[in-house]
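Starting from the structure of chain R, add chain A with the ligand where the hints point.
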Amino acid sequence: MAETVDSTPCGALIIGGSAGSLDVLLEIFPALRKDIGFPIVLVVHRKASNESLLTDLLKSRTTLEVSEAEEKEFLSPGKVFIAPADYHMLIEEDQSISLDYSEKVNYSRPSIDVTFQSAAEVFREKLVCILLSGSNADGVEGLKSVNNFGGRVVIQNPNTAIMPYMPQQAVLNVEPHLILDSHDMADYINKLNG
Amino acid sequence: MISDAIDNEQVEILLNDVLESHGYDFLEYSHASIKRRIIRLYGLDNFVSFAEFRYTVKTDKQYFKRFLEEITVNVTEMFRDPSFYKSLRNDVLPVLGTYPFIRIWVAGCSTGEEAYSLAIVLKELNLLNKSLIYATDINPSVLDKAKKGMFPLNYLKQYSENYLQSGGLKDFSAYYTANYSLAKFDESLNSKMIFSTHNLVSDHSFNEFQLILCRNVLIYFDKDLQHKVFNLFDSSIEKLGYLALGSKESLEFWPKAKEYKRVKMEKIWRKL
Ligand SMILES: C[S@@+](CC[C@H](N)C(=O)[O-])C[C@H]1O[C@@H](n2cnc3c(N)ncnc32)[C@H](O)[C@@H]1O
Numbered sequence: 001m002a003e004t005v006d007s008t009p010c011g012a013l014i015i016g017g018s019a020g021s022l023d024v025l026l027e028i029f030p031a032l033r034k035d036i037g038f039p040i041v042l043v044v045h046r047k048a049s050n051e052s053l054l055t056d057l058l059k060s061r062t063t064l065e066v067s068e069a070e071e072k073e074f075l076s077p078g079k080v081f082i083a084p085a086d087y088h089m090l091i092e093e094d095q096s097i098s099l100d101y102s103e104k105v106n107y108s109r110p111s112i113d114v115t116f117q118s119a120a121e122v123f124r125e126k127l128v129c130i131l132l133s134g135s136n137a138d139g140v141e142g143l144k145s146v147n148n149f150g151g152r153v154v155i156q157n158p159n160t161a162i163m164p165y166m167p168q169q170a171v172l173n174v175e176p177h178l179i180l181d182s183h184d185m186a187d188y189i190n191k192l193n194g
Numbered sequence: 195m196i197s198d199a200i201d202n203e204q205v206e207i208l209l210n211d212v213l214e215s216h217g218y219d220f221l222e223y224s225h226a227s228i229k230r231r232i233i234r235l236y237g238l239d240n241f242v243s244f245a246e247f248r249y250t251v252k253t254d255k256q257y258f259k260r261f262l263e264e265i266t267v268n269v270t271e272m273f274r275d276p277s278f279y280k281s282l283r284n285d286v287l288p289v290l291g292t293y294p295f296i297r298i299w300v301a302g303c304s305t306g307e308e309a310y311s312l313a314i315v316l317k318e319l320n321l322l323n324k325s326l327i328y329a330t331d332i333n334p335s336v337l338d339k340a341k342k343g344m345f346p347l348n349y350l351k352q353y354s355e356n357y358l359q360s361g362g363l364k365d366f367s368a369y370y371t372a373n374y375s376l377a378k379f380d381e382s383l384n385s386k387m388i389f390s391t392h393n394l395v396s397d398h399s400f401n402e403f404q405l406i407l408c409r410n411v412l413i414y415f416d417k418d419l420q421h422k423v424f425n426l427f428d429s430s431i432e433k434l435g436y437l438a439l440g441s442k443e444s445l446e447f448w449p450k451a452k453e454y455k456r457v458k459m460e461k462i463w464r465k466l
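As given, the protein sequences belong to chains R and A, one line each in that order.
Take the first sequence: its position 190, counting from 1, is numbered 190 in my numbering, and each next residue is one higher.
Whatever position you read off the second sequence (first residue = 1), add 194 for my numbering.
Chain R on its own, in the form it takes in the complex (with noise of 0.2 Å):
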C-alpha cells in the first residue's frame, strides 16, 4: 500500500518544525542528494532577531541552493525555500510565494499550519509535508488539510525527538503516512521522485 502512494510523484516537500527541528535538519541536509527533484520548503519557527542564522547554517551544509523565501518568487526544484522570519509563507496556485504578515498563528508567525494549508490544494496528492520535533501544536491542522487533499504526511517518531510534544500531537491527530526515525529522513527524501 505504502509503496504504490510513493510511486507517486512529489511536486514539493515542505518541512515544518520548532524547538529541537535544527539538530534534525543538521542531519538531514548534508545527506541529501544533489539532484533533488522537487523545491524544498522549510517552515521553522524561531526568534525575528536570529534573521539569516538558520539559512546560513543550511547553505554550509548542503550543495542544494538555500535562499530565505521571497515576496512573489516560483518554487523550483532542487532548491530550498526558508520562510523568512516574522512572516507567514502561503503557496499560490501557479506555485509562487505569498509572505503575509498578519496575526500569529498558535503563538507562530511563520506557523507551519498556513503553509500547509495553502499547499494542501495547490499540491494535492504530489505534496510531501514532514512534522518535525517541537514544543507546540502548530502543524497539526495544516497535515489535516494535507490529508484531506490526498498529500502524503509524514511525522517524526516523537521518541526521537528531543521536543516530542508537537509530533505527538500529530500522530494523534492526524493519520500518517509515515511515522520516521530522524535517522531515515534524509533515506526518505532521497527516494522521493521529482
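Where hints are given, some of them may not hold.
The following label-pair restraints were derived from C-beta to C-beta distances [to be verified]:
hint: 1; chain 1: A; residue 1: 263; chain 2: R; residue 2: 53; range: 32 to 38 Å
hint: 2; chain 1: R; residue 1: 94; chain 2: A; residue 2: 318; range: 44 to 50 Å
hint: 3; chain 1: A; residue 1: 216; chain 2: R; residue 2: 159; range: 52 to 58 Å
hint: 4; chain 1: A; residue 1: 342; chain 2: R; residue 2: 191; range: 55 to 61 Å
hint: 5; chain 1: R; residue 1: 52; chain 2: A; residue 2: 458; range: 16 to 22 Å
hint: 6; chain 1: A; residue 1: 459; chain 2: R; residue 2: 47; range: 17 to 23 Å
hint: 7; chain 1: A; residue 1: 400; chain 2: R; residue 2: 162; range: 54 to 60 Å
hint: 8; chain 1: A; residue 1: 213; chain 2: R; residue 2: 162; range: 46 to 52 Å
hint: 9; chain 1: A; residue 1: 214; chain 2: R; residue 2: 159; range: 53 to 59 Å
hint: 10; chain 1: A; residue 1: 418; chain 2: R; residue 2: 148; range: 28 to 34 Å
hint: 11; chain 1: R; residue 1: 7; chain 2: A; residue 2: 349; range: 50 to 56 Å
hint: 12; chain 1: R; residue 1: 148; chain 2: A; residue 2: 351; range: 39 to 45 Å
hint: 13; chain 1: R; residue 1: 52; chain 2: A; residue 2: 402; range: 34 to 40 Å
Restricting the straight-line Cα-Cα distance to at most 30 Å, the calculated cross-link-like pairs of lysine-lysine (DSBU-like) are [what the hints assert, rightly or not]:
hint: 14; chain 1: A; residue 1: 339; chain 2: A; residue 2: 378
hint: 15; chain 1: R; residue 1: 79; chain 2: A; residue 2: 255
hint: 16; chain 1: A; residue 1: 280; chain 2: A; residue 2: 259
hint: 17; chain 1: A; residue 1: 461; chain 2: R; residue 2: 59
hint: 18; chain 1: R; residue 1: 104; chain 2: A; residue 2: 280
hint: 19; chain 1: A; residue 1: 259; chain 2: R; residue 2: 104
hint: 20; chain 1: R; residue 1: 47; chain 2: A; residue 2: 461
hint: 21; chain 1: R; residue 1: 104; chain 2: A; residue 2: 339
hint: 22; chain 1: A; residue 1: 465; chain 2: R; residue 2: 79
hint: 23; chain 1: R; residue 1: 104; chain 2: A; residue 2: 342
hint: 24; chain 1: R; residue 1: 59; chain 2: A; residue 2: 458
hint: 25; chain 1: R; residue 1: 104; chain 2: A; residue 2: 255
hint: 26; chain 1: A; residue 1: 351; chain 2: R; residue 2: 47
hint: 27; chain 1: R; residue 1: 47; chain 2: A; residue 2: 465
hint: 28; chain 1: A; residue 1: 417; chain 2: R; residue 2: 79
hint: 29; chain 1: A; residue 1: 417; chain 2: R; residue 2: 126
hint: 30; chain 1: R; residue 1: 79; chain 2: A; residue 2: 458
hint: 31; chain 1: A; residue 1: 386; chain 2: A; residue 2: 465
hint: 32; chain 1: A; residue 1: 458; chain 2: R; residue 2: 47
hint: 33; chain 1: R; residue 1: 104; chain 2: A; residue 2: 252
hint: 34; chain 1: A; residue 1: 280; chain 2: R; residue 2: 47
hint: 35; chain 1: R; residue 1: 104; chain 2: A; residue 2: 351
hint: 36; chain 1: A; residue 1: 465; chain 2: R; residue 2: 104
hint: 37; chain 1: R; residue 1: 104; chain 2: A; residue 2: 341
hint: 38; chain 1: R; residue 1: 104; chain 2: A; residue 2: 378
FYI, nobody ran anything at the bench for these hints, they're computed from the structure.
Note that the structure is predicted; figures quoted are calculated from it, not measured.
Note that CB positions come from ideal geometry on N, CA and C, so glycine has one too.
Okay, now just chain A with the ligand, sitting in the frame of chain R:
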C-alpha cells in the same frame, strides 16, 4: 479552523459580489492570502454555509464594515525595521530638509504607528513644522484609531527599543502620556497629519510628494496590481523624491524601475 471550508471558486464569487455591491475591488489581491483571510472570518463568525456567508456579506452594510476590517491585514508597529528609520533619519529627511516645505504620503497607514514614528523623527530633525503628512488607508476604522494617536501601553517597551535602535536621541516616554492601558501620543505630532480614506486600487493621485511610504501593503497584491500602484506612485512623486517600501517588497520587476535609484541597502528608492 477548517481550512478547506471555502474553495477557490467561492472566493471568486464572494469577491465579485463585494465589487458589485460595495465597490471594493479585491480581485487582484494575492489569492492565497485573501482566501486565508476569508476562511478565517468565516470560521470566526460561525457561519454554517457559504450561501449564508455570501448573502450576509452582500446585503448587510454593517457586516461589510467588519468584513473590510478583517479581510485586510492591519498589523503594524512603531519604528518597525529600525534600520529603515535610521536611513530615513540620516539619508533621506536631511535632503528633504533643504526644501521650503515637505509633503509626505503614508499609503496604507493602518492605525497610524508608522505616521507617528515618522513625525517623531521629523520633530527631532526640526523639520516637523514645515512638513505635512498625508496618512491614508482603505479602511475607515483604522483611520479613526490613527487620528486618536493612542496605542496599547504594553507594546511601548518594544517600540522604545525599536526607537533607540533606529537612532532615536530622546527619552521615548517624553512623547506620550500613559492613560490606563493606552499611551496617548503628543498632539504636536498629529497636528501635522491629514487622515483620509484612499483606495490604492481604484483612487487616483491627489498631490505631488517628496516622499511616499507604502510599507507592507503591496505584499498583499498580485504582481500586476503592484505595478499599477507603482505607476500611481510614480505620478505622485516629484523628481528627486523618494519611495519607501516594506522589507519584503521591491521595485525590481516594475518596467520603470530603471528611473529610480536605490538608497543604500534599504527598501528606499529615489526618483531620478
Ligand atoms: C499590514 S498594514 C501596514 C501598516 C504600515 N504601513 C506598516 O508597515 O506597519 C496594511 C494596511 O494596508 C491597508 N490596505 C489594504 N489594501 C489597501 C488598498 N487597496 N488601499 C489602501 N490601503 C490598503 C490595510 O487596510 C492595512 O491597514
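Hint check:
| no. | hint | in the structure |
| --- | --- | --- |
| 1 | A:263 to R:53: 32 to 38 Å | 36 Å, holds |
| 2 | R:94 to A:318: 44 to 50 Å | 45 Å, holds |
| 3 | A:216 to R:159: 52 to 58 Å | 54 Å, holds |
| 4 | A:342 to R:191: 55 to 61 Å | 59 Å, holds |
| 5 | R:52 to A:458: 16 to 22 Å | 18 Å, holds |
| 6 | A:459 to R:47: 17 to 23 Å | 22 Å, holds |
| 7 | A:400 to R:162: 54 to 60 Å | 56 Å, holds |
| 8 | A:213 to R:162: 46 to 52 Å | 50 Å, holds |
| 9 | A:214 to R:159: 53 to 59 Å | 56 Å, holds |
| 10 | A:418 to R:148: 28 to 34 Å | 31 Å, holds |
| 11 | R:7 to A:349: 50 to 56 Å | 52 Å, holds |
| 12 | R:148 to A:351: 39 to 45 Å | 42 Å, holds |
| 13 | R:52 to A:402: 34 to 40 Å | 38 Å, holds |
| 14 | A:339 to A:378 | 11 Å, holds |
| 15 | R:79 to A:255 | 47 Å, violated |
| 16 | A:280 to A:259 | 37 Å, violated |
| 17 | A:461 to R:59 | 25 Å, holds |
| 18 | R:104 to A:280 | 27 Å, holds |
| 19 | A:259 to R:104 | 23 Å, holds |
| 20 | R:47 to A:461 | 22 Å, holds |
| 21 | R:104 to A:339 | 22 Å, holds |
| 22 | A:465 to R:79 | 35 Å, violated |
| 23 | R:104 to A:342 | 26 Å, holds |
| 24 | R:59 to A:458 | 26 Å, holds |
| 25 | R:104 to A:255 | 29 Å, holds |
| 26 | A:351 to R:47 | 17 Å, holds |
| 27 | R:47 to A:465 | 35 Å, violated |
| 28 | A:417 to R:79 | 22 Å, holds |
| 29 | A:417 to R:126 | 26 Å, holds |
| 30 | R:79 to A:458 | 29 Å, holds |
| 31 | A:386 to A:465 | 25 Å, holds |
| 32 | A:458 to R:47 | 26 Å, holds |
| 33 | R:104 to A:252 | 29 Å, holds |
| 34 | A:280 to R:47 | 22 Å, holds |
| 35 | R:104 to A:351 | 19 Å, holds |
| 36 | A:465 to R:104 | 36 Å, violated |
| 37 | R:104 to A:341 | 26 Å, holds |
| 38 | R:104 to A:378 | 26 Å, holds |
Taken one by one, the earlier hints fail for this structure at numbers 15, 16, 22, 27, 36, listed in ascending order.
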